[in-house]
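Peer 1: Chains A and B supply the protein sequences, listed in that same order.
Position 31 (the first sequence) corresponds to 30 in numbering that gives the first Met the number 0; numbering is contiguous.
Position 149 (the second sequence) corresponds to 148 in numbering that gives the first Met the number 0; numbering is contiguous.
Any given hint could turn out to be false.
[What the hints assert, rightly or not] With the C-beta cut set under 7 Å, the calculated list includes, among others, these residues of chain A facing chain B:
no., residue
1, N57
2, D79
3, D80
4, I81
5, T88
6, K95
7, V96
8, Y113
9, Y116
10, V119
11, H120
12, P121
13, K122
14, T124
[Claimed, not checked] Listed next, the in silico SDA-like pairs over lysine to any residue satisfying Cα-Cα at most 20 Å (straight line):
no., chain 1, residue 1, chain 2, residue 2
15, A, K122, B, Q280
16, A, K122, B, P281
17, B, K78, A, K122
Since the hints were made in silico from the structure, they are not lab data.
Don't be surprised by glycine CBs; every beta carbon is placed ideally from N, CA and C.
The lines below spell out each chain.
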Amino acid sequence: MRRQIKWRGRLATIQMVAMFLLLAGSQSLGASDQASTGQPTGQATGQPAGKAEVKIDNFSFGPETLTVSVGTTVIWTNRDDIPHTVVSTEGVFKSKVRDTDETFSYTFSKAGTYPYYCSVHPKMTGKIVVQ
Amino acid sequence: MANKNQDVIDQKLQDLNNDGIDRRGFLKCMAWAGTGLVWTMSGGIPVSHAFARGMGKHAGKSADFSFVQISDSHMGFNKPANPDVAATLKAAVDKINGLATPPEFLLHTGDISHLSRADEFDNVDQILRSARAKDVFFVPGEHDVLDDNGKSYLERYGKNASPSGWYSFDHKGVHFIGLVNVLNLKAGGLGSLGGEQLEWMEKDVKHLKHSTPIVVFAHIPLWAAYPQWGWGTEDSAQALSYVKRFGSVTVLNGHIHQTMQKVEGRVTFHSAMSTAFPQPQPGKADSPGPMKVPAEQLRSVLGITDVNYVRGRHSLAVVDSTLA
C-alpha cells in the first residue's frame, strides 16, 4: 500500500484570514449568548419595551426583516432541531452556535440596517432595521 | 412503495432531462450497471437494497479493492429523529465488518459531530476503532467547524492535510482528493471551496495520467443537488473542470442524508445516507431539518456506501446498503 499525502499551504494568506476573523469576533460587544434551560424567553404577549424577538424555525429567521427603535435588544431563539448561528454580514455581531431553545441577544445602539445570516446555513438570511 | 420507487425514478429522469442529458444518454448510463455501476435511487428502497446484497458479493469477488463511505454521524444529536446516534453508528460499523470483501479503509464525509464538541469526536473515534478497516479519512461537515473555524477539527483530523484541511492520497492506482467546502461560507451562498483550495487542486491533478481513476470526496454536494436548501457548492464547477479529462471520476458527498446520484459526462456524483437521521427529499418539506420516521423504520433510511474498484472498468461500483 503506497500512499502519499500532498499539500501546499499559503501560510501568509491563512494568517491574514485568521487576523480578520479575530477582529470580526472582537466586535461582538453588547451581545450575549445564553443557553436557556428550555424555557423560551418572552412569550408572544406583546413586545416589552426595549425588546424584540426573532424566532428561528424551519431554517429561517422570522420575521425576516424586523424594524426596531434605537436601544432595542433583539433576542433570537433557535426553535429548530439543528444548531444555527446569528452573524452580522458586516461583522457587527456574531453569536456562538445556538442549539435548540438557546438564545442570542444584541442591543442596537445606532440607527441603520443590519443584515445577518446563519454561518452554518448561509441560505438563512435576515435583516434588522434600526430607526 | 412501488409508486414511491416510480416517483423517484421519474424524478431522476426529470433531473437528467433538466441537465440536458437525453433519454438515450440515460439509457447509456443504465448500461453501465452491467459493468459494475449500481444505480440506487433513494435510501431504503427495497429494490436498491436487493441490488446491494447481490451486487455486493458479486462485485466484491472481482474487485481490486473496496472502501466504505460513511457520513453524517452527528454524534451528540439526541432529538426525536434519532435519540441514540451512537447505536446507529455502531450498527453501521457492524454492517461494514460484515461485508463479504473487507474494505481497505473508510471515508467519513463529515458532520462527524453535531456540535463540534471534543466528547462527540471522541465517541465517534472510539466507535470507529471497532471497525476492521483501521484507516479512516475525514473531511469536515459544517457541524464539525462550528465557532472555532475548524481549529479543533484540524487539530484532531488534519495532521496529514493542508493547514485548511484538504489533502489527496493514492491507493492502488486510484487518486483520492478530500476537499473542504464548509468554511468561510458567505451570506446567502452555498458551500464554498475558495481560491486557495482550487489552485491547490489544479496542481494536485496536473501530473496525473488521463487513465488514473479519481475519487473526490467532500461534505456538501459538489453539484446543484438542491440549491434552494443550500445543497450545492458555489465554485464546484471550477473544481470539476480540473478532473473532466480523466476517464473515471467518482464524486462522493454527504450532507443531504439520503442517496442521490447523477452523471455528467464521465463524472458520477453520489451522495450517501447518514448514520444518524434522514432528511426530506428536496422540496418535500418546509426545511431540510431532521425527518422523523417511525422508530421501526429508522434503520431502513440510514446506511453505508460500499465502493468497489476494479482495474480497467470504466466506473467504480457504488453500492448503498441500509442498516435495516
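Peer 1: For each hint, tell me whether it holds in the structure or not.
Peer 2: Cross-check of the supplied hints:
no.: 1; hint: N57; result: holds, 4 Å
no.: 2; hint: D79; result: holds, 6 Å
no.: 3; hint: D80; result: holds, 4 Å
no.: 4; hint: I81; result: holds, 6 Å
no.: 5; hint: T88; result: holds, 5 Å
no.: 6; hint: K95; result: holds, 5 Å
no.: 7; hint: V96; result: holds, 4 Å
no.: 8; hint: Y113; result: violated, 12 Å
no.: 9; hint: Y116; result: holds, 4 Å
no.: 10; hint: V119; result: holds, 5 Å
no.: 11; hint: H120; result: holds, 6 Å
no.: 12; hint: P121; result: holds, 4 Å
no.: 13; hint: K122; result: holds, 4 Å
no.: 14; hint: T124; result: holds, 5 Å
no.: 15; hint: A/K122 x B/Q280; result: holds, 18 Å
no.: 16; hint: A/K122 x B/P281; result: holds, 15 Å
no.: 17; hint: B/K78 x A/K122; result: violated, 23 Å
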